[in-house]
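*Asks:* In case you want the letters, here they are:
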Amino acid sequence: MTSPAASAPVLSMNRVGKRFGATVALSGVDFELGPGQVHALLGENGAGKSTLMKILSGALRPDEGEMALAGRPYAPDGPLAGRRGGVSMIYQELTLAPHLTVEENVCLGREPNRSGFLVRAEARRRIRETLAFLGHPEIGLDEPIRRLSVGARQIVEITRSLLDQARILVMDEPTSSLSLEDTERLFQVIRKLKAEGVSIIYISHFLEEVQAVADVYTVLRDGQNAGSGAIAGTPLEEIIRLMVGKPVTELFPHVDHRPGEVLLAVNGLKGARMAEPVTLELRRGEILGLAGLIGAGRTETLRAIFGLDGIESGTVLIAGRPGASNPRSRIRQGLGLLSEDRQGEGLALSRSLADNITMSRLEPYRKFGLLDEKRRLAAAAEWMRTMAIKASGPRGPASSLSGGNQQKVILARLLHQQADVLLFDEPTRGIDVMSKAQIYEWIGRLAARGKGILFVSSYFPELLGVCDRIAVFYRGRIAAERPAGDWTDELLMAAATTGKA
Amino acid sequence: GRTDSGSKPGVSRPLKIAVIPKGTTHEFWKSIHAGALQAARELGVEIIWKGPQKEDDRAQQITVVEDVISRGVDGIVLAPLDDRALIRPVQDAMRDKIPVVIVDSGLQGKDYISFVATDNYQGGVLAGRRMGSLLGGQGRILVIRYQSGSASTTERERGFLETLEREFPGLTLLAKDQYAGPTTETAYQIAENLLSRFHDADGLFCPNESSTFGALRAVQEAGLAGKIRFVGFDSSPKLVQALADGDLDGLVLQNPVKMGYLGVRTIVQYLRGETIAQLIDTGVTLVTKDNMASAEAKSLLTPDLSILDR
Amino acid sequence: MNSPNKLKSAINLVAPFLGLILVLALFSAMPDVSSRFLRLANLKAVATQSVIVAMGALGMTLVIITGGIDLSAASNIALSGVITAYAINRGLPPLLAVLLGILTGTLVGFLNGLLITRLRLVPFIVTMGMMGIARGMAKWIARNQKIDAPLTWVNELMSKSPRPSWLLLAPGVWLMIVLAVVMAVVLRRTVFGRHAFAIGSNESAARLCGIRVDGAKVAIYAVCGLFLGLSGVMEFSRLTVGDPTVAVGLELDIIAAVVIGGGSLNGGEGSILGSMIGVFIMSFLRNGCTMMGWPNYIQEIIIGIIIIAAVSLDRVRHRSAA
Amino acid sequence: MNSPNKLKSAINLVAPFLGLILVLALFSAMPDVSSRFLRLANLKAVATQSVIVAMGALGMTLVIITGGIDLSAASNIALSGVITAYAINRGLPPLLAVLLGILTGTLVGFLNGLLITRLRLVPFIVTMGMMGIARGMAKWIARNQKIDAPLTWVNELMSKSPRPSWLLLAPGVWLMIVLAVVMAVVLRRTVFGRHAFAIGSNESAARLCGIRVDGAKVAIYAVCGLFLGLSGVMEFSRLTVGDPTVAVGLELDIIAAVVIGGGSLNGGEGSILGSMIGVFIMSFLRNGCTMMGWPNYIQEIIIGIIIIAAVSLDRVRHRSAA
Ligand SMILES: Nc1ncnc2c1ncn2[C@@H]1O[C@H](COP(=O)(O)OP(=O)(O)OP(=O)(O)O)[C@@H](O)[C@H]1O
Ligand SMILES: Nc1ncnc2c1ncn2[C@@H]1O[C@H](COP(=O)(O)OP(=O)(O)OP(=O)(O)O)[C@@H](O)[C@H]1O
Ligand SMILES: [Mg+2]
Ligand SMILES: [Mg+2]
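Protein chains in written order, with my numbering: chain A, 1 to 501; chain B, 1001 to 1310; chain C, 2001 to 2322; chain D, 3001 to 3322.
Please note that a few of the clues may not be correct.
[To be verified] Computed from the model, here is a short list of chain C residues facing chain D with C-beta under 8 Å:
#, residue
1, 2129
2, 2298
3, 2315
Because the hints were derived from the structure by calculation, they are not lab data.
It should be emphasised that the depicted structure is a prediction, and the values quoted were computed from it without experimental measurement.
Built from N, CA and C at the ideal position, the CB exists for glycine as well.
Make the full structure from the sequences, and use the hints.
*Replies:* Following this line, the structure appears as structure tokens:
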């Protein structure tokens, strides 16, 4: 290994294999982690990254292969053994108990106690410190998790893993719902931990992040090692080639489209959960980006437009008509929403992919009152092909998919729905580089077909690469709005943090 | 001309008689069971004892009758939970050449061979007279009913209430719409709550064992034992004790052992071609502290159930 | 390569019936009853006995699929039966009385749905409250007694010796079969059915997909009520009297049948075929135990054990299939 | 600024008791019983009546917090009571008999937990099966009869006129109060309690965080069983006989009390104070209705309505607080 700290590895995994029924998730994977090393684990959606890390943490048992921690054999029989072995993990799907408070979640499984009775004061102090360190002193320790936004939850999750004081810290897409600023702070934390000798495995589909923070990389493809090496000196294109097996030319493919008449007019809209009224306008064939920090109010705005939250004041006009404010009539009016909370309100995890993809538009398959299952399955399969969803078939349950592939299923549903106005809330969360490019192309084509797209993202490069206009949210209101060409990363950041354009 | 398969030498298979009570857990049914077994022993027949899954569930009793018909038995002794609902299954049985003797509670129509029972109304009358004479015709009375829809206890309640009305107009009723419910615990609570309001009541009547026992516990706990005149129905060791202690002033007793015995004997007689009576009254007896030592009362109060353990 | 595949698909076909087959095999092997257990007459009896629970299970399956529960099921059956008897007793034409009974059931279900969606209460509490309300109403209407109604064709519905005799099974059994098929089709092949599954699997996702969750729920509880009303009519038909105290605790039997058949109380899972198998597992168990003449307590213990065994068998099968 | 705040905190303090206060106010206002309803003697009676359900509710709260349910609760109470009576009858020292009763309850609970975790079955099915098994065992052991046991100090536990008389309330009532406080502390202040909430809120998260979910669940069902065993002893103490048919359907009362008190059947929510309030709401309702002399069916209807009303009141309060 070309690790900078070339001493004995703290972790080595040898010829690890894992199957789920007929699916081979991993086969013969080797992985080695040096002390104080930041090791990026990369690969397409469904490549096996999360599975490998779950094996490391003890959440899954490997079918074959061995592991060793600091030279000693390691075969955890459960997450507790993993945690005891010094492995702390941030799972891709958040592992928080919604009814419990921030404090309780952070301490979960490791409650400081005196003969069974909880001792809280010291832990509370440390949690508060860590939250402040992560730049979120506003997150209250006694706030139940279910009242927090997805981004805030991610911060809580990170706080927990930091307080673990583990030797090996695994982060499975920790930044997928973090803003740039929060990501930056996380990197500072990672560098500090690294200096203290903690080894970190970092999974992300944001390659620029990887370049900024990682020392070495390992790429998985279809459950096998595809290559590894030092980050320094390896060009991005090479890593991408290892991931997808072929060179990728265009990361932000552009499709020509031209804004037309106003499609969605939001005027002084204030939803039940919004801090301030919002006014915005979206035209046919236009992609409007919404930037901002966690809690800036973008999600709440989309929800109010879609009729998910009650409306206190203001109007929403779609193609000039008001319509009732509930999801059903909004869908009838041609709106479609992709939620940022994939598992919470995106997928029906126990249902089949076909069900998930076609759920919002079943009418076309209705014949004499009955559903034509053959056509429905065929349509679902077609969308799965189009979106390159890696799964065994349209009948399998959504729960068996990898995180990125689940996200693609929700996207497929929205496209299948043929909505006129698409409200995307972090649509590319957890999606690999290659597929992202594909999705951007799709969005471009949708715009070219005269649809309007509201694109919420905390990943500024994609906003800059895809949108026609970008509005920046700051504390519940739109602080600034300009054509995409007039924005840069820095300007967006400045507007999002200060509220001044 | 029925052939006698039960006692004919050379035919090895003894008669199989299904005895279907309304429930299986009350003392009363244990006694019926004992009587039935007694008869079976003497007559050399086999008994299948099978009550509905849930005590006092009409629909389930129908199911039990259907199932024993399916199984194939020579005769059925049935204590019907309903005088209408059980008609059809009994008809089915008779049509399948399985004769049915009805015990304990009546069944409408005539599709059975004999009816062996207590006069429940008369039992209520006895209780009413006892209560009236205890109180000298003056006082305020609580009646705790058993369960809505239970025919035999409803008859007893009616007998009691009508006797009071007819013969003791000086007695007033404080409550007569409270139902003890299926278990002793529910009876206990109802009685406790009633006594909480009417702790100065003079008399209390309950129409069966579980309600009597539940109410007895409440009376004892409220410190009213011996102060309130209390007439109940049926027997169990605790009730006998209470009678001896003066906590109870009278128990109306049926003769369930006899009922079970006669039920089985009647059907076997019928199967063997003997003549049988259409209607057999097993009698009711009022037992008080004074007469409880008599041999007759003893056999009713503490029936010999040892046969069940053999 | 072909024959093992065939074998496998044969196993898959049989698999859901495993528990039922087990129960049937068990009693068929008992020397005491083996000769009579699988006889037509007994099968007819069991089928007729199953109708009431089965009709309830059809509705309950739907409710459980949405992640709900209906504890008022048994009370609703009693109430609908009482209303039917009351109406016939009052001299209404039997058909009208039957419709009235079904309507009552539907209304109670509708009310459940309305309370659940309007007050945002959990189904457990609403239907538990309704359990007392419906039972109380039934007793009230019947004046705490059973209602004797004159015999009409309604009482033929559950007769084991149906007229015309070529029917072979009671009309109620045929109705149960037809309705089961209809409901199976509704669940698998209609938008309504898909929506029920979606709501049960993830209610907020369903809402996001534009499903009228509240409306669907009200409809689902009403449909469940409709089946319970029908069940009540069948109960009346069987008893020939309207009994307000009947079927106490039957809701647990109905729910058990659905769960034994693969329904999940967390919602999103369940099937009509499964529920019907669950119903028949319970019926045959009871029937067999009674025929064996086992005491009730033994029967209770055995049924308890078999419920657990049947469901765990099903889970093992599922896990090995995955 | 101060007095409205004080008012608000006063309201918050009273809020959980709202339903209970409503019920008390209702009956205190009834001219027929007002003079007797809030009397000490009646309060003592209600307190004693509540002990059995309350003990059960203490355990059930724990189970419901983890997202489980224990349908075998009532059967377990009957079984434990029968065992206690049986042991006393056999001449065992009363203390030993009581311990045996409690042990029985614990064992049944432990078995529930074991089956749920080992077979990966839903609690509903396991405990439903156990409901039949425990009830059958109770009847078996009692030979389908009540077990008459000689009077001992055990029967004093639930006496409304306790000795020594300065106790004022039955020893069972004091025990209930002490145990409620202990359980409240366990739930809010110990690692065990915290884990129960975590498991109910998100089981896979709890597992991934290294909580030994299976172990905790087994312990939780066993503790629930322990309380039910105690409940059974109290039932025996009250009845002075071991009655295997007692408490049929009581599990729903227990569950209702917990849910009225804010417990969620989806897990993650519930409190001891709430459950105890739920128990007393139900007890006072029953007590008041009987004292009023209302017919049972009216009582059933009213209780049904109040259950729904109490819970929806609670939800409204919660929503307005949020
Ligand atoms: N519980 C499961 N059941 C069945 N298949 C599974 C399960 N979990 C994962 N898989 C399959 O294993 C493969 C690897 O999944 P994994 O989650 O490890 O991918 P990943 O690399 O983390 O992808 P992503 O970037 O999308 O998160 C996928 O094909 C997935 O469908
Ligand atoms: N850390 C937090 N603590 C408490 N409440 C929060 C927090 N973050 C967000 N919220 C709540 O969420 C509201 C807006 O969050 P929302 O999710 O809409 O923001 P967003 O711009 O979509 O950010 P995100 O990038 O997280 O999606 C806030 O007004 C606040 O009520
Ligand atoms: Mg992953
Ligand atoms: Mg957001």
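*Asks:* Closer than 8 Å between Cβ atoms is the bar; does residue 2129 of chain C clear it against chain D? Give me holds or violated.
*Replies:* holds, 4 Å
*Asks:* Does residue 2298 of chain C meet its interface restraint, that is, does its C-beta lie within less than 8 Å of any C-beta in chain D?
*Replies:* holds, 7 Å
*Asks:* Return the status of the interface hint for residue 2315 of chain C: holds when the least beta-carbon distance to chain D is below 8 Å, violated otherwise.
*Replies:* Holds. Min distance 6 Å.
The structure shown violates none of the earlier numbered hints.
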